[in-house]
Amino acid sequence: MAPRKNFRNQAKKEVKPAAVVNKNGVKVEASVAASSGGFSGTKIFTWFMVLALLGVWSSVAVVWFDLVDYDNVIAERAKEFRFNFSEVLQGKLSAYDADGDGDFDVEDAKVLLGLKERPVSVSLREAKEESAVKEPDAVPPPDDDVDGSQNTDVESEIQAAVSLPPILDDFIPDDSRDDATHPYEDENDAIDTKGELVEKAQPQQTLEESKQYNNQPGSPETKETVQLRYNAEAESVPEPEADVEPEVESVPEPEADVEPEVEADVEPEVESVPELEAKFVPELKENAEDHPKDQLKEKAKKKKPKLLNKFEKTIKTEIDAAEKLRKKGKVEEAVRAFETLVLQYPQSPRCRYGKALAEDGLAEKMLSNDMLQKAIGTYKEASELPNATPDLIKATLKKRAERQQFLGRMRGALATLEKLVQIFPEDMALKNDLGVAHLLIGDNNSAKRVYEEVLATAPSDGFAKVHYGFILKSENKIAESIPFLRDGLESGDPGTDDGRFYFHLGDALQRMGDDSAYKWYERGHQRGHFASVWQRSLYNVDGLKAQPWWTPKDTGYMDLVKTLERNWRIIRDEAQSVMDKTTGLFVPEEENLREKGEWGQFTLWQQGKKAGESCRSVPKTCGLLERYPEATGCKRGQIKFSVMQPGTHVWPHTGPTNCRLRMHLGLVIPKTGCKIRCTNDTRAWEEGKVLIFDDSFEHEVWQDADSYRLIFIVDVWHPELTQYQRQTLSPI
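Per our numbering, residue 447 is the first one in the sequence shown, and the count goes up by one each step.
Read the hints as simulated data drawn from the structure, not as lab findings.
Mixed in with the good hints there might be a few duds.
[To be verified] Here are the simulated lysine-lysine pairs, PhoX-like style, with alpha carbons at most 20 angstroms apart:
1. Lys752 <-> Lys826
2. Lys752 <-> Lys762
3. Lys1008 <-> Lys1086
4. Lys1066 <-> Lys1055
5. Lys776 <-> Lys820
6. Lys1008 <-> Lys1135
7. Lys1008 <-> Lys1066
8. Lys776 <-> Lys811
9. Lys1042 <-> Lys923
10. Lys1066 <-> Lys1056
11. Lys1121 <-> Lys1135
12. Lys1117 <-> Lys1135
13. Lys1135 <-> Lys1086
14. Lys999 <-> Lys1135
15. Lys1055 <-> Lys1086
16. Lys865 <-> Lys826
17. Lys1121 <-> Lys1042
18. Lys894 <-> Lys923
19. Lys1121 <-> Lys1086
20. Lys1081 <-> Lys1055
Throw the hints in and build the complete structure from the sequences for me.
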């Protein structure tokens, strides 16, 4: 198709002006005739437009001044210029067809002048026509004006988070201690801290990357396990909503027609005190009986951060517009908006911080580690720009550390927190976070020094106390750990109301012979950390049948039980063949569960993985088990031989999860002196017989015989777990 300009030129060449005859009988071109008084095409069009407009106003005159017979005028003009004027009116002036009869007449003029109502059918037709001409791909107008004069309910439009905690927007400058819980799961399809299966894929971490202290509640004191799964175990802080601003809580949410950003240097994120108590400091709500109401309010109040520098206050409207997109879950649009702002204002820390937050939200939506890594880099850029406010530096680096920890970059997070502490040496909350970072990489000694510094400056800091008490207990300083754990829990400070600390305090008290341990277990149960006073595992799936002792029929694993009992002598003989101390196959129990005595173990399967070297020593035993995936595939259990020498006592303890049952096959059992208690029911082993119990319930063992006791331990999946759960639950 020819360009529009060429098309017009071509039309001029093809259409010849009509010749006319002048008064002298001489033919001249139309243009000449026009100059001599004839009507050219241009003048006809001009007169046509004039008369069209005159037609409109003539209608007005007919109605208002009652001067003109409108219909006669139209007819005469049509005859004079020899074309259908009504068609022109319909084609060019259809907007004035107010009564819907297809032309413009007196009735239309009356409607336009307000002397007559427009028919409903016409209004509906115009509404349809108006909607039909809208561009289908046009971007809809924003829900709010930039200045917030049409502010809508933001929370009602938030996009629901799928896999990842939604993102805490900023920070609470004087209290970050409840940030130990991270918004992301450690691995794909893991369970959360309350045992609910997360079925959608999460960003992955390797086992080495996700090491966190205190892996198994029943074995808290070894250096090898003390750093495991700190984050996954922290369950006292519920996930916040995607658009919640934890650092702002004293101002109620603005109404729809109220400008939310009143002060130039105040962030738009606003939340009320009750919402904050419920979402970010649940321990205050739960400790209501221990604290007066005025003390709760005092603890809930946080200083509002100032994230805008002097220049950024002048562009606050633009920042707020981009921020509203992010808070409404429109993260892709928010990223683009902040990228534009960064290009316009490259030295603005707040614009770059907003870009990082938007990228963070997009990473959560996309489940993308690459996008999250990009956000981590942008957080760093924002913190290093000149003229960044102290509050923005703090918020930015805290976010960076949190996301580094999620990606398993524990040492990187540690470096970020060390930088924060250097910049803000008086902030005890940051030091507390630094202590946790040391624990996450297994550096208990450095964590201990950090908490000693905190307690020297702030001796009543409950968060530092419970963590310092935890470290003392990991060093087997049982008596010394008790006052720190107890005082920390009683403080009700953020981050202290955690099942781990109730567990360790009760365990320490039990080992000291103090029956008040069960008071703390009961309190932990009331706070929702334990299924019951007896069942105190922390890695749970809700709804599973819970009872301390099981029969083979109850489990449904009758075939496995029969195989073990029929072949118990073969299993015993192979176990005895590797018990020679010179082989070194049996290793001492390393979970510090013994009060006294000797207890050795020889493991064949661990976390659903076969120990090939061990099985070569006992091939018949391993061969018997190969066809029982409920045992060999139990990622939350073990298969092992256990030998216990006379004079051994195992403290009361519980296993880490309710997802397994434990089978004990008696191989060499002295006639008297050996017994096991689960809850308040004590039983004894028999050679060639299987005992089955749920080790998430408290149990205790005595070996007071004159010779060793040898049993074969086989953990199996809880029978009520689905196949999908067995495949996706995280190993323990």
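Okay, the hints, checked on the actual structure:
1. Lys752 <-> Lys826: holds (18 angstroms)
2. Lys752 <-> Lys762: holds (12 angstroms)
3. Lys1008 <-> Lys1086: holds (18 angstroms)
4. Lys1066 <-> Lys1055: At roughly 18 angstroms apart (the allowed maximum being 20 angstroms), Lys1055 and Lys1066 satisfy the hint.
5. Lys776 <-> Lys820: Holds. Lys776 to Lys820 sits at ~18 angstroms (cutoff 20 angstroms).
6. Lys1008 <-> Lys1135: holds (9 angstroms)
7. Lys1008 <-> Lys1066: Holds, at roughly 16 angstroms.
8. Lys776 <-> Lys811: Holds. Lys776 to Lys811 sits at ~10 angstroms (cutoff 20 angstroms).
9. Lys1042 <-> Lys923: Satisfied, since the Cα-Cα distance of roughly 16 angstroms is no more than 20 angstroms.
10. Lys1066 <-> Lys1056: The hint holds at about 14 angstroms.
11. Lys1121 <-> Lys1135: holds (14 angstroms)
12. Lys1117 <-> Lys1135: holds (14 angstroms)
13. Lys1135 <-> Lys1086: holds (16 angstroms)
14. Lys999 <-> Lys1135: Cα-Cα ~14 angstroms, so holds.
15. Lys1055 <-> Lys1086: At roughly 12 angstroms apart (the allowed maximum being 20 angstroms), Lys1086 and Lys1055 satisfy the hint.
16. Lys865 <-> Lys826: holds (12 angstroms)
17. Lys1121 <-> Lys1042: holds (16 angstroms)
18. Lys894 <-> Lys923: Given that 20 angstroms is the threshold and the Cα spacing comes to 13 angstroms, the pair holds.
19. Lys1121 <-> Lys1086: holds (19 angstroms)
20. Lys1081 <-> Lys1055: holds (8 angstroms)
Checked against the numbered hints above, the structure breaks none of them.
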